[in-house]
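Asker: What follows is the residue order along each chain.
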Amino acid sequence: MDKVELKLCFPGLAGCRFEITSARTRFYNCIAWAAGETHRRWWPDKMNVDYWPEGVPREATLEAFIAAYATLGYEACDNGNYESGFEKIVIFTKPAGTPTHAARQLPGGNWTSKLGDEEDIEHELRGIECLRYGYARQFMKRPTNPGQ
Amino acid sequence: MSTQAIPLSKSRWRMEEDQEVIPTATTVSYEDLVLFSHPALNPAYTLVFGVIASSPPLEAKRPVKYVLGQRTSIPGAQYSVPWFDAGSEQFELPATIVSLSDWPEMREHPERLKAAFNLAGLIAHFDQGQMADWAAFVDSFCFFIGLHATPLERFRELAKAWKTDVRFLSDTNEICSHPAYQEIVGMGILALPFIFAELEREPDNWFWALKAITGRDPVPENQRGNLELMTKAWLGWAEGRRKQLGADWQRVFLRFAP
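Going line by line, the protein sequences match chains W and C.
Heads up: the first sequence begins at 1 in the numbering used here, then just goes up one per residue.
Heads up: the second sequence begins at 1 in the numbering used here, then just goes up one per residue.
It cannot be assumed that every hint is accurate.
[As the list claims (entries may be wrong)] Here's a subset of chain W near chain C, in silico, CB distances under 8 Å, partners left out:
(1) N29
(2) C30
(3) R40
(4) W43
(5) K46
(6) D50
(7) A60
(8) T61
(9) Y82
(10) F86
(11) T100
(12) H101
(13) G116
(14) D117
(15) E118
These aren't lab readings, by the way, just hints derived from the structure by calculation.
We put the beta carbon where it would ideally sit given N, CA and C, even for glycine.
Using the sequences plus the hints, can you model the full thing?
Answerer: Below you can see the structure in the form of C-alpha cells.
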C-alpha cells in the first residue's frame, strides 16, 4: 500500500508527515508492535488464539490493556510529550472505551504504528485518529534504562 | 433380466423374500457399473440391484440409472436384475449417489474412478447409522450447492471480502466476527480443505474458524499469537487427520478384501 492509499484510509495523515517503515506482514499486530514484539500477535480474543500476558484479564477493556502493558513495566501517564529517559506508548480507543490500536513513541517524539495487516508507519500522533481507530486515550511510560 | 415395477420411494427394497438389499449407490455410467460391480475389484458390489428405466410412452424403454446394492455375493452365481419403471419425476432415488459421472467436470479427472471406487467401497460397509450420517452430509452439500456457487468459489468470495475489510484491524474479536468470516465458519467442514490450503499459501487469522469448525486446538499455550507456529501446528494436525483417515479406509478395505 502506498502513501496515497494510506491517506485515503486515514484522512488525518493527509495533513501531517508520515513514512512507511516496513513491508506489510500479518505476523504481528499493533499491540505487539507497541510492546516491541514482531513474532506474535497480542489480543485478548475470546477464542484464546492470540497471545495475552498471563494473569491479565482476557477482555477487550482499557483496564486490561493497561494491565497488559504494565507487565512490561509501563505505568499510566498524562500525556504523549516526549520525555528524555522514558519510552511511551499510547492506547487508542473508540468513544465507548473499547481498545482498537496502540502506538509506540520513537526517540525524538514521533510515533510508530503497525496498521493492522498492513505496514508500519512513523507518524504524528493525531494522524491516525479516525472512526476506525478512535482516538489516543491512554498514555503510558517506562524508563528507557530501568537499571540506571 | 426380469421386469418388475417396484415403488422407488422406499429406502430399502426387497428383491426376493428374505433378501433385503440396501441401495447404496447409483450410476448412469456403464463404465462405473462394471467397475463397481466387478467381484475382483469390489466384493460389496457384485450385485447390480436394479435398472431404472424410462417409461413409455414418453420415450422408449432404456436404462437410465443402475442401482447397486450392498449384499454378500456368491461368486459365479447369476442374479436376475429387475427393471424399475419410472417416470422422470421418480428418478431421484433414495440411494446415495456416489457416481462421479453425475459430476461432468470430474469425468476426465485421473483420480475420478479411483475416488468413486473408494467412496463406493466405503459406503458399501456403512451400517444404518453411518448411512444416515452420510446421507445427511450429501444432503447438506447439495443444499449448499443449491444456495451458492461451489464451496470453493463461495470460500474465495468470502475470504476476499473479509481480507479487504479487516486489513487495518488488530482486534481479533472484530476481525473474526466479520460477516464474511462468520459465513465461512458456517460452511463448516466444507470450508476446511480451503482453509488449510489458504494457510499453506499465506498464514492468516484462520484459527478462530478452525477451532470453531473442528472443536480442536492443536496449538500449545506458549505458541499463542505466533502465526508461523500456529499455522505449522494446524497443518500438522490436518496432515495427521488425513493419514488417520487413509488408515481407516485401508482397514475397511482390507477387512472386506476377497
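Asker: In ascending order, which of the hints set out earlier in this document are inconsistent with the structure?
Answerer: Violated hints: 8, 9 and 10; rest satisfied.
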